[in-house]
Each structure stands twice: as C-alpha cells, then as structure tokens.
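Protein chains in written order, with my numbering: chain E, 982 to 1071; chain G, 982 to 1071.
Keep in mind the hints are simulated off the structure, nothing from the lab. Among the hints, erroneous ones may be present.
[Stated by the list, open to error] PhoX-like mimics (lysine-lysine), calculated; alpha carbons at most 20 Å apart, straight line:
{"hint": "1", "chain 1": "G", "residue 1": "K1022", "chain 2": "E", "residue 2": "K992"}
{"hint": "2", "chain 1": "G", "residue 1": "K992", "chain 2": "G", "residue 2": "K1022"}
{"hint": "3", "chain 1": "E", "residue 1": "K992", "chain 2": "E", "residue 2": "K1022"}
{"hint": "4", "chain 1": "E", "residue 1": "K1022", "chain 2": "G", "residue 2": "K1022"}
{"hint": "5", "chain 1": "E", "residue 1": "K1022", "chain 2": "G", "residue 2": "K992"}
[Said to hold, decoys possible] Okay, the calculated beta carbon distance ranges per label pair:
{"hint": "6", "chain 1": "E", "residue 1": "K992", "chain 2": "G", "residue 2": "A983", "range": "20 to 26 Å"}
{"hint": "7", "chain 1": "E", "residue 1": "A1006", "chain 2": "G", "residue 2": "D1031", "range": "17 to 23 Å"}
{"hint": "8", "chain 1": "G", "residue 1": "E1013", "chain 2": "E", "residue 2": "E1013", "range": "45 to 51 Å"}
{"hint": "9", "chain 1": "E", "residue 1": "A1006", "chain 2": "G", "residue 2": "A983", "range": "26 to 32 Å"}
{"hint": "10", "chain 1": "E", "residue 1": "E1013", "chain 2": "G", "residue 2": "N1047", "range": "20 to 26 Å"}
{"hint": "11", "chain 1": "E", "residue 1": "T1043", "chain 2": "G", "residue 2": "T1036", "range": "18 to 24 Å"}
{"hint": "12", "chain 1": "E", "residue 1": "E1013", "chain 2": "G", "residue 2": "G1011", "range": "47 to 53 Å"}
{"hint": "13", "chain 1": "G", "residue 1": "V1049", "chain 2": "E", "residue 2": "E1038", "range": "17 to 23 Å"}
[Stated by the list, open to error] Footprint (simulated), chain G over chain E, 3 or more residues, beta carbon under 8 Å:
{"hint": "14", "region": "983 to 991"}
{"hint": "15", "region": "1016 to 1027"}
{"hint": "16", "region": "1032 to 1042"}
{"hint": "17", "region": "1045 to 1051"}
Ideal placement from N, C-alpha and C gives every residue a C-beta, glycine not left out.
Here is how the chains run, residue by residue.
Number of protein chains: 2
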Amino acid sequence: MARVVVDVMPKQEILDPQGQAVAGALPRLGFEGVTSVRQGKHFELEVDDDVDDETLERIAETLLANPVTEDWTVRRVTVESADGSVAGAV
Amino acid sequence: MARVVVDVMPKQEILDPQGQAVAGALPRLGFEGVTSVRQGKHFELEVDDDVDDETLERIAETLLANPVTEDWTVRRVTVESADGSVAGAV
C-alpha cells in the first residue's frame, strides 16, 4: 500500500479569488508580512503497490485537476503501515 | 522572502464527501487499486523573512483551517528568488 499526494493549484494566469480573500483578510486581523496567498486542493490517495506512476498521472489529470485552469504535482509518500491521515479514512 | 505551504485536511472522524465522490468515480472510469481518497486544501503563502513560525501557526489556525473539523500542517519551502507558483500571483 502506498500513499500518494496530489497538490492542485490554479495556474499563474488564473485569478484566485479564494487566495486573494485570505491575503486581504490577513492585515485586517493584524498579520503583517504575507505578500501572497494562493489556494488550491490537496488530495491524499491510498493506492495498491501495483498502481504505476502513469496511472496516477492520468487519475490526477482526469479527476483531480482541470488541465485548462490548474497545475498539479503527484508525489508518492512512503507509508509502512496504516498509520494515519489517509489510512483510517475508509 | 520565504514560501510557506499549509495543507489542511478534514479530521479522520469527519466525513469527506468530496473525497468519497472521487473514490467512487475512479472504478467507473477504469482506475482500479485506489482504496481511499481524502480531499483537503493546499495553501501557498509568500511571507517576509521576519514572519516567525508562531505567527504562521496562528494564521493557519485562524484563517486557513477550522480547528474543529480540520487538521493542518505548516512547512517552510526554501525559495531563493521569485521563481514560480506563488511568486507571480500578486
């Protein structure tokens, strides 16, 4: 069993109103020094060991991200056993 | 200038209908071997170097996550210069 993390972010040229809302709220709440906030999605998948990288890439492209407006990264995270944030979720 | 990544996930005991929808769609689209999908949020912040970890933790807790229903992690990512996904966003 392997854990896979997919992070999906709006492309640079795409407006990010959620991130901008957070960035605008920070000074009002007294937090200074944050010059940019971008908000995206974070997926944690638990997959069988025989699922290859190409399949993961297709899953990300097909279901998790919109290739027109979003960029994404896929990375494997080593997990020895069912220990946490994804494992107990089903 | 430092880049900070905050990942926010629903707590284990909280239902995650978005993740379950993705998990349910995968077999219908021909993707086998994914046993669990959890969906959360991924924030990329660009902050001044004098913003300390305690402030980042308070930002995450106050604005980015709901402590009642979500867990989060804060990590710094080293960036030499404005080179990418956060830097060009403002």
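Against the structure, the hints:
Annotation: proposed proximity of K1022/G to K992/E holds, straight-line Cα distance about 16 Å (limit 20 Å). For a cut-off of 20 Å, the pair hint linking K992/G to K1022/G stands: about 12 Å separates their Cα positions. Proximity of K992/E to K1022/E is assessed by CA-CA distance (about 12 Å); at most 20 Å being required, the pair is judged to hold. For the hint linking K1022/E to K1022/G, the alpha-carbon distance of about 4 Å falls within 20 Å, and the restraint holds.
Simply put, K1022/E and K992/G have alpha-carbon atoms about 16 Å apart, close enough for the 20 Å limit, and the pair holds. Range check, K992/E to A983/G: Cβ separation about 23 Å, and the 20 to 26 Å hint holds. Look at A1006/E against D1031/G: about 20 Å separates their beta carbons, and that is inside 17 to 23 Å. Take E1013/G and E1013/E: their Cβ atoms lie about 50 Å apart, and the range 45 to 51 Å holds.
Under the hint 26 to 32 Å, the C-beta atoms of A1006/E and A983/G, about 20 Å apart, miss the expected range. In this structure, E1013/E and N1047/G meet the distance hint of 20 to 26 Å, their C-beta atoms being roughly 23 Å apart. For T1043/E paired with T1036/G, a C-beta distance near 39 Å fails the hint of 18 to 24 Å. Checked against the hint of 47 to 53 Å, the C-beta distance between E1013/E and G1011/G comes to roughly 50 Å, which is consistent with it.
At about 35 Å, the CB distance of V1049/G to E1038/E disagrees with the hint of 17 to 23 Å. With 3 residues having a Cβ less than 8 Å from any Cβ of chain G, the region 983 to 991 of chain E passes the three-residue criterion, so the hint holds. Counting residues of the region 1016 to 1027 of chain E whose beta-carbon sits less than 8 Å from any beta-carbon of chain G gives 12, enough to reach three: the coverage restraint holds. Given as covered by chain G, the region 1032 to 1042 of chain E passes the check, having 4 residues with a CB less than 8 Å from a CB of that chain where 3 are the minimum.
With 1 residues bearing a CB less than 8 Å from a CB of chain G, the region 1045 to 1051 of chain E misses the requirement of three and the coverage assertion fails.
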